[in-house]
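*Asks:* Sequence:
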Amino acid sequence: MTMSAARVLAEVQQAQTRLARFVPAPTPFEAVSLPGLSLPVFLKREDISPVRSYKWRGAFNRMMHLAESGDSRPVVTASAGNHAQGVAWAARMLGMRANIYMPVSTPMVKQQAVRMHGGTNVHVELVGDTYNQAADAAHAQSERTGEIYVPAFDNLHTIAGQATMGTEIVASNAGPFDVAFLQIGGGGMAAGVSSVLRAAYPGIRLIGVEGEGQACMKASLDASRLVTLNQVDGFCDGTAVTRPGDLCFDVCRETLDDVITVSNGDIHSAMKMMWDTTRTIPEPSGAMGLAGLLQWSGLHPEARDARMMTVISGANMDFNKLRDLFSGAAENTKGRRHMRLTIGEQNGSLVELAETCFSDVNIIGFQYGKVDHVNAWPVIVFDADDAKMASITSCLKATGVAYEDITGAPDANVIHYDARLFSNPLVLQVSFPERKGALREFMRAVRPHANMCYFNYQYTGDVQSTALMVFEFKSGDQHAPFLDAIRHSPVTFRPVDDRVRARMLYNAPGPV
218 MTMSAARVLA EVQQAQTRLA RFVPAPTPFE AVSLPGLSLP VFLKREDISP VRSYKWRGAF
278 NRMMHLAESG DSRPVVTASA GNHAQGVAWA ARMLGMRANI YMPVSTPMVK QQAVRMHGGT
338 NVHVELVGDT YNQAADAAHA QSERTGEIYV PAFDNLHTIA GQATMGTEIV ASNAGPFDVA
398 FLQIGGGGMA AGVSSVLRAA YPGIRLIGVE GEGQACMKAS LDASRLVTLN QVDGFCDGTA
458 VTRPGDLCFD VCRETLDDVI TVSNGDIHSA MKMMWDTTRT IPEPSGAMGL AGLLQWSGLH
518 PEARDARMMT VISGANMDFN KLRDLFSGAA ENTKGRRHMR LTIGEQNGSL VELAETCFSD
578 VNIIGFQYGK VDHVNAWPVI VFDADDAKMA SITSCLKATG VAYEDITGAP DANVIHYDAR
638 LFSNPLVLQV SFPERKGALR EFMRAVRPHA NMCYFNYQYT GDVQSTALMV FEFKSGDQHA
698 PFLDAIRHSP VTFRPVDDRV RARMLYNAPG PV
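Here our numbering is used: the sequence shown runs in plain steps of one and ends on residue 729.
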């Protein structure tokens, strides 16, 4: 059976009526100003819906349709998290029983939320490493027991439920819109919302957005047939499916003008943009549409004066993931560079470079460890636009310093060192104020007294940063004069405890 946008539109008003009985108020449609755009961008804030994602809409509509038809059998489903929460919430609200299969890798926050939303009405089974494996187990139970399978995306009532977002967008009177960006996992949300927006705004440009490592809909549309990917990138776990839904593919082929892909770095940047703009943090898949909007806007000058919108589709993310996500957002900030240098391994060579070629840039990271008596390979992390980068590379060439731009490389933050090469080492934690020039002042104070043989510093966003540093000396008697000298620099410091020193210098000759 094929599906059309007209079929979705025929169902969406009934879906809207069903959902309004339990959630009468629409989720906000928020206007935000973004750099480089003359008009505000509108965000459909599904991240603050009853289950912190839009997935409750499709699950609720499908299950309420079953209840209205008099079918009292338990339901079963599979989900990486958000659809499961929607099914769990609907089961409790409607007094239904639900068995929910989730991949073992599902973030704990989503597992806990399913149990919280469903209470005693749900039973959770963790099966397999992927959504597909969980779905296979759920389908097997449905066939074995007769329980009704509630699809996460490939079902008319699920699609129509997601489409109610579109009816709320139209009812907000914020349109008409020139361009809308809709993220795609299996395609249910994109199919439903695009059907409504196409009917309401015939001239709108509808763009689907997928992760580079998850682009099953783009592959299918390009091939004019359904394509199953061998594997998918799990960074955006909420959209990590290998094959779009059959019905979703039919509708998206009819309604979408284009499908674009975004990198994990693009999504990091979109999440940071959400924080900077709204002080909220969507999950990676929740920011995917915004990532597409930002990417497309940078490539199309007409975006500056276009009325654009997207969906912030969810905010169900494990708290433990935040540090890595925002570290990644910093790494993917436009203009953030990692440069690996080759310089002489002698006292003062790095500070000379910092005061010449890098004298007027914002240095936000150093990674360096001594591995050779002759040469050193520090990595400097800094902010620079293309013009400044050209000036730096010109200076490095003029001074005969070999360099390599390793921005985005997987080893960009790896620090190699050989503690056996350290002479009379002193290991310190050094804290210095985050202001321009403070680091250079400290390095000038160090230069007459010691050679730096290990330096691990990365900007954290605080007013003060702490770096782990190791200094070497010709004799241990020079430690005290060195400490006296740096007390007059802009830093504070303290020696590490004996256990840390022992771990850092495990290969060093002599006692530790």
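Note that these hints are calculated values from the structure, not bench results.
Note that the structure is a prediction, hence the values are computed from the model and not measured.
Keep in mind that a hint or two might mislead.
Listed below are the simulated DSS-like cross-link pairs for lysine-lysine, each with C-alpha atoms no more than 25 Å apart in a straight line [said to hold, decoys possible]:
#	residue 1	residue 2
1	K691	K614
2	K489	K605
3	K489	K653
Cβ-Cβ distance ranges computed for the label pairs, FRET-style [claimed, not checked]:
#	residue 1	residue 2	range
4	M333	G363	38 to 48 Å
5	P419	H633	43 to 53 Å
6	H590	M333	55 to 65 Å
7	P245	F536	19 to 29 Å
Heads up, the beta-carbon is just placed ideally off N, CA and C, and yes, glycines get one too.
*Asks:* Which hints from the list above does the structure break, by number from lowest to highest?
*Replies:* Of the numbered hints, 1, 4, 5 do not hold.
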